[in-house]
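J.: Residue-level listing of the chains:
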Amino acid sequence: MERLFVYIFGKKKREAGTQRAKTRVFSWVRSNFASALTGNRLVWYIEKHQNNDGKQRGAPSRFAAEEELTMGMTMTQKILAKHANLPSVQAGDLIEARLDLVLGNDITSPVAIKEFERAGFSKVFDKDKICIVLDHFTPNKDIKAAKQCAEARAFAQQQEITHFFDVGNMGIEHALLPERGLVAPGEVVIGADSHTCTYGALGAFSTGVGSTDMAAGMAAGVAWFKVPSAIRFELVGKPAPWVSGKDVILHIIGKIGVDGALYQSMEFTGEGVSHLTMDDRFTIANMAIEAGAKNGIFPVDEKTLEYAKGRVERPFDVFEPDEDAHYEQVIIIDLEQIRPTVSLPHLPSNTKTVGEVAGLKIDQAVIGSCTNGRIGDLRLAAKLMKGKKVAKGVRCIVIPATQQIYLQAMREGLIEIFIEAGAAVSTPTCGPCIGGHMGVLYEGERAVATTNRNFVGRMGHIESEIYLASPAVAAASP
Amino acid sequence: MSKTGTVFAFGSNVDTDVIIPARYLNTSEPSELAKHCMEDIDKSFVDKVQEGDVIVAGQNFGCGSSREHAPISIRACGVACVIAKSFARIFYRNAINIGLPILESPEAAEEIQEGDKVRVDFDTGIITNETTGKTYQAAPFPAFVTEIIQNGGLLNSLKVRGIAK
Ligand code: SF4
Chain A
0 MERLFVYIFG
10 KKKREAGTQR
20 AKTRVFSWVR
30 SNFASALTGN
40 RLVWYIEKHQ
50 NNDGKQRGAP
60 SRFAAEEELT
70 MGMTMTQKIL
80 AKHANLPSVQ
90 AGDLIEARLD
100 LVLGNDITSP
110 VAIKEFERAG
120 FSKVFDKDKI
130 CIVLDHFTPN
140 KDIKAAKQCA
150 EARAFAQQQE
160 ITHFFDVGNM
170 GIEHALLPER
180 GLVAPGEVVI
190 GADSHTCTYG
200 ALGAFSTGVG
210 STDMAAGMAA
220 GVAWFKVPSA
230 IRFELVGKPA
240 PWVSGKDVIL
250 HIIGKIGVDG
260 ALYQSMEFTG
270 EGVSHLTMDD
280 RFTIANMAIE
290 AGAKNGIFPV
300 DEKTLEYAKG
310 RVERPFDVFE
320 PDEDAHYEQV
330 IIIDLEQIRP
340 TVSLPHLPSN
350 TKTVGEVAGL
360 KIDQAVIGSC
370 TNGRIGDLRL
380 AAKLMKGKKV
390 AKGVRCIVIP
400 ATQQIYLQAM
410 REGLIEIFIE
420 AGAAVSTPTC
430 GPCIGGHMGV
440 LYEGERAVAT
450 TNRNFVGRMG
460 HIESEIYLAS
470 PAVAAASP
Chain B
0 MSKTGTVFAF
10 GSNVDTDVII
20 PARYLNTSEP
30 SELAKHCMED
40 IDKSFVDKVQ
50 EGDVIVAGQN
60 FGCGSSREHA
70 PISIRACGVA
80 CVIAKSFARI
90 FYRNAINIGL
100 PILESPEAAE
110 EIQEGDKVRV
120 DFDTGIITNE
130 TTGKTYQAAP
140 FPAFVTEIIQ
150 NGGLLNSLKV
160 RGIAK
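The listed protein sequences derive, respectively, from chains A and B. Residue numbers for the first sequence follow numbering that gives the first Met the number 0, so the first one is 0 and each next one is one higher. Residue numbers for the second sequence follow numbering that gives the first Met the number 0, so the first one is 0 and each next one is one higher.
Isolated chain B, as found in the complex (with noise of 0.2 angstroms):
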């Protein structure tokens, strides 16, 4: 499966309270959480980001508090994948285990730019920038983490296995 989208980019250390203010926090629901996606460091990003687009990032993305909300309104905005050269841990794990894709790509994630067009594929981890022919490759994820996102999720995956009521 591969998705083409624009790219929105931005610096290091973006983190969870950027991306999803605390004081949206009081709801748990996608949609309200789309509505307010990076608006403390881009109050138009909600207006101009579209489904399939990718947001492209430097080191540390994602960083602050644990909360799932970060990933789960980037995905309910419509963003396909998160590029960067590298994410904060939890976050890293809060978007495998919601399945939002992210690839970790320090190259990618150093010279593409705001409102490229990219294209990413997921299967192998490739990431071709259209705007200028130039293709990355992802690290791929892990045999493990491969398994949580085939089965759908940690949640699906825990079933899957039958270890949980």
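Just chain A, with the same shape it has in the complex (with noise of 0.2 angstroms):
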């Protein structure tokens, strides 16, 4: 067996003989020596032995970062590492990567623009590359929220930004956006609200930020990163009729919990992905911030392009893992095995399939949010709420994500249904799925909602349930 020492500035450091134990001490070196390597000036030296005469076999050979830097790269590090001008990418490297775009809506762009002047920036790297949505508390609840609205729309109008979404032609951010085309496949995201890894459903890698990343997005269009490793989860086989995306993501997370996959990448691969529709791996990214993910992401295939066609106009890249791609581990999920579930309160990880919590009393059904606010979910709902009206004591409420999806409801006599079966409708608005508005729910009330949350609290009254589920599940309910 070949045996390889590895030396830092001519000192020995660890010795490391297999593939595996060099992947990790050069985990080691890079996570110890990051400055020197992201100034591209490393020094290292790997002494090859050949083992079981101990000759040594060569003088100790010098390696440019750049040939070391040659593992199998996952579709996310490839993304990460075209986006920080870098030929490779690790596990635990730290990078500066360049921003397609940067995103904020009317809960956390205040605080952006503020720490952006309070900075003395003045201008915005790309008036194109800045998109800000009024979503969370709009049409303004009250007048705290009618200012934060009012400081997004001064800062969108001195900046000219182009992307700005305001009452009448905004939807929920995480469902606007692909519909508008503003992510494309191989682009780097980010936005000042978590559930920014929605975007991975195309092939993008995009990931929640704070406010402070925003601001610092918005004035250079660059961010840093820890690169990710990664959870591969390999879809097999096909979802049952009404299993949806919602159902899929609530079972991973009720196995691998909150933090199942913190820091990392959830990469979805396998033969399963075609049998999902693009709705459902919207909804599936969505809430990969749910098990504590970096960010969710998902091949891009002919449904992606589709989907991108008319919508996306400028030239986009298409990544794929390589095939040497390390994972941290690679989870199998048989979809046809999936039944509809639901989390029950207070954690997305508390979950039980749909029979084993039938019979609940509830006072509420919501159906909406970015997580399943869209034209699939709304044809859904309608199907199981036809000529049905909801039971006495319930209030339903759906919330269409955006303006188009409310429009192509109307038109194809959705909203009707719904208002027949005497379900409240909504203009877009998170509304209800953070506890704003348009929803709120009371000391011990109990709702089931389409939503991605279930905190203490996150819908109202601290002593209010939530019980996140489908859209099926949501709308058979009430």
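Careful: at least some of the hints might be erroneous.
[Stated by the list, open to error] Mimicking DSS-like on lysine-lysine, the simulated pairs with C-alpha atoms at most 25 angstroms apart in a straight line are:
| hint | chain 1 | residue 1 | chain 2 | residue 2 |
| --- | --- | --- | --- | --- |
| 1 | A | K126 | B | K158 |
| 2 | A | K81 | A | K308 |
| 3 | B | K158 | A | K128 |
| 4 | B | K116 | B | K42 |
| 5 | B | K158 | A | K122 |
| 6 | A | K140 | B | K34 |
| 7 | B | K34 | A | K146 |
| 8 | A | K360 | A | K391 |
| 9 | A | K143 | B | K34 |
| 10 | A | K122 | A | K146 |
| 11 | A | K254 | B | K84 |
| 12 | B | K84 | A | K225 |
| 13 | B | K2 | B | K133 |
| 14 | B | K34 | A | K225 |
| 15 | B | K42 | A | K143 |
| 16 | A | K113 | B | K42 |
| 17 | B | K116 | A | K113 |
| 18 | A | K113 | A | K81 |
[To be verified] Selected chain A positions facing chain B (Cβ under 7 angstroms, derived; list incomplete):
| hint | residue |
| --- | --- |
| 19 | F120 |
| 20 | A219 |
| 21 | V257 |
Rather than coming from a laboratory, the hints here were simulated on the basis of the structure. Keep in mind that this is a model prediction, so the values were computed, not measured. A virtual CB, placed ideally from N, CA and C, is assigned to each residue, including glycine.
Quick one: dock chain against chain with the hints and give me the complex.
T.: And the structure:
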């Protein structure tokens, strides 16, 4: 066997035998010498020995950083490497990547704007690559919300932000951006909103950040990242009827827990992907953050390209993981086995199949949000609610995620079905998902919701309860 | 630089909705946010916490939304440092970007109890539990992160480097 020794600045540091051990040593080198690496001035030596006769084979060879970083990359790592102008990256590397889009909403943008201005910046890096969506507490729910929107609006005007979405043309950001073709496969997007990971459905790297990151992104068009390692989810089989992307992701979170993919990428692969609609994929990628992940990402296939057609006009890159990409774990998910799934209070990982919670009394059903307010979701809900009435004592609230979805639902007669069933239908807004308005819960009340979080107090009173479910389950509940 | 404070201990998966409930997000004023820090997990927290105190928590601290209001509210109510077994990733970067020191130390997070007095040395990452006398070494920040902190946060660091107008 070939034995390798790693020398750093001439000193023997570690012995590395197998390829695996070599990988470990290099990741150790990287985490301890990150700045040297980013400066591309790495000095390390690898000496090769022939183990059997103990004879040295050749002089210590010196590798340039580029040559040594030739390990296989995951799809996420490839996208990041390209945007950091590096030949390759590896889990744990700290890099600075170029951004294709920077997103903010009515809650996070004002903080970012304040930071931007306080730091003395005067101009955004590119007015076409910033997107501000007023979706959380809009149409303005109170005076403070009105103030936040006014601040964001003034900034958007002053900076001539191209993609600014106000009441009347806005939608929930994570449904809106893909719909408008603002995200393309292979791009890097940060958003001051945790569910920015939704765009992984398109084969882009997108991740949620805070307002300071948003401010920095707006000013410089770059962001720092620790390159994530990855878990590969191999999807096999075809989901049963009435099983949707929501059931798949709730099932996965139930399996791995709310920190099951902490700091990591969730890369979805396998032939099962082809059975998932784009809406399913958006829902799954959307909730990657509920498993603690940095991002969730899908391969780009015909469905993706079909979706991008007519929406994305600029050229884009399609990335695939290397065959020898390293995954921390491979988890096989048999889509056929997944049953309609719900998350019980107060953690998304607290899952049960719907059969196990049947008969639970509810006060409110919410169909909407960036997770499940898309046209496919509304069609499914309408199919189940057609000709039926919402049970007495239950409030049913349906919120199409964007104006376009709203209009489409209207044209297809879905809105009529909802209203005839006794549901309230609202203009696009995050509303009840974040306990803001349009369906805040009172003490002791229980809701089934197609949203993504069931934390304590998320939809209102801290003594209220949220059951997360798919549109089909939510529509069948009232 | 080091600070000594009293510990407030919390469990795992403390999410940003309990750190600063969404109903208060209609402002980003630190002093306003400070009034409601941890309200949904410990109503009396803001009355008890004093300048320099330390939060100790389990795994995945700060999970949930990306709201920077969470680390801002923690810093604004006087907390000097958060020590946890692990942090949710957005919270981790937000804390660094705004300059709230956070330390990952599973051992310290496991053993330090509510009410203990601890001293945290930010330069070395050494945590001393003065109540029990035990010390812990937290993982030091990578060089890249130290640079951001030394430059006074992410935005200043961009300015120092001259890459934004
Ligand atoms: S719908 Fe809910 S989860 Fe989605 S962006 Fe709005 S508040 Fe966040």
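J.: So which of those numbered hints doesn't the model satisfy?
T.: Checked against the structure, the hints that fail are numbers 14, 16, 17, 18, while the rest are satisfied.
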